[in-house]
Amino acid sequence: MQATLPQTFYIKPGKFIWSYLGTFLFMLGGCIENSWLSAWLNTQGFDQAHIGQIFAGYGIVVAITSWLSGVCVDVFGPKKVMVTGFIVYLLASVAFLNFALPSHDFGAILVTYMLRGVGYPLVCYSFLVRLTIQLDNHQQGIGTSLFWVVYNLGFTIIGPVVAASLIPELGHINVMWAGMGVALLGVLFMLVLERNEFILKPRTTPVFKELSAGISIMYERPRIGLAVIVKTINGLGTYGFVVVLPLFLLDKHFTLEEWASIWGITFISNQVFNIIFGWMGDKIGFRRTIQIFGSILTGVATLIVYWVPMIWGHNYVAFMLAMCLWGAGLAGFVPMTPLVPMMAPDKKGAANSAVNFGSGLGNFVGPALVSGEFRWASAGPALVSVLAGFGTGVVMYTMAGLYLFSGILVQFLKVPGEK
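Numbering (our numbering), first residue to last: 20 to 438.
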């Protein structure tokens, strides 16, 4: 049940400084392996099809817990949800690092890594949900764009750089142990130093009914269901590229270090445009910003990302610029976060759960799309040669087409009273 807040209770984004910092630290430490785990598992004897399954399984759990985050914040409050998420993440991480990875057991790695996926949706998305509740409408764009800035600073920019600098000294597994310590620090910032009050309205409906509202709203209000599809498409490249591109680029004579640096630079571009498009969404409208700069620009840029290595081979600067263009386009989807709750002002918690569910589904659909392609490609005589040509092309053209298709769906994402 959505807390009803008086106008004087709305909080400015700057008042959430400790939670913004905590989000940055948790994403840095809790997801420090994201940019290199697929390539490292390949060196440990796992093929790309199995690696895709591991990441897809992780994505399934992320999707489910992302859905739970919105309504759970409404029912239990953000801090209880954060504590639950961190405890599950901690236990799963210990099992993953102490048992699953050393044993090279695929099933154990799959299950424990999937459970790690409980962590960041319940910890960080709970804060995002809180922002959509406690920020006034005219500050939603900038406030939520700041969330995505600190989220991606930890997840896709500074995290990979820190990992790359520590791996030669500590080794891959010890880097993940160190990341757990950083994640703990982030949670403490959000739980202990964050002092802003959050008011829960007394429940008048059963807990299960409130929790199920995050799913039922998608068919009771079909436009929310369309928004979930758009948000899922939004995440395809972010979570699919880290599986498909490293091996593809190796065949084009890029090194993993070059790929890691380009991936980090991509999200520097993304962060700059997160702020720009968050501000622009407040000025020219959320839907227009998403359509032009999210759907269209990202779709075209996805094709360019594929074409540049195919045409010019190992050209670091050209590929980096293509990826930066893609990162800029990805930022065009930032206004989805404030737009969807505005589409259901009477059920903001359920709407938040729905849009977070879409974010989580991107974790699953991106790697699953790649995993399916790798399974098809592995039937051929030479996996790398297939991926270097038609196989990777299928993935990239499919992603580009879906990004462009999302622009059509965005046209229907209207708030009450809008024609």
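It cannot be assumed that every hint is accurate.
Stated by the list, open to error - Straight-line alpha carbon distances no greater than 30 angstroms define the calculated DSS-like cross-link-like pairs of lysine-lysine that follow: (1) K367 x K98; (2) K34 x K302; (3) K34 x K367; (4) K302 x K99; (5) K99 x K34; (6) K98 x K34; (7) K302 x K433; (8) K367 x K302; (9) K271 x K367.
It is worth saying that the hints were derived from the structure and are not from the lab. These figures come from a predicted structure and were not determined experimentally.
Status of the hints after comparison with the structure:
no., hint, in the structure
1, K367 x K98, "holds, 18 angstroms"
2, K34 x K302, "holds, 23 angstroms"
3, K34 x K367, "holds, 21 angstroms"
4, K302 x K99, "violated, 35 angstroms"
5, K99 x K34, "holds, 20 angstroms"
6, K98 x K34, "holds, 17 angstroms"
7, K302 x K433, "holds, 16 angstroms"
8, K367 x K302, "holds, 22 angstroms"
9, K271 x K367, "violated, 47 angstroms"
Comparing the model with each earlier hint shows violations of hints 4 and 9; every other hint is respected.
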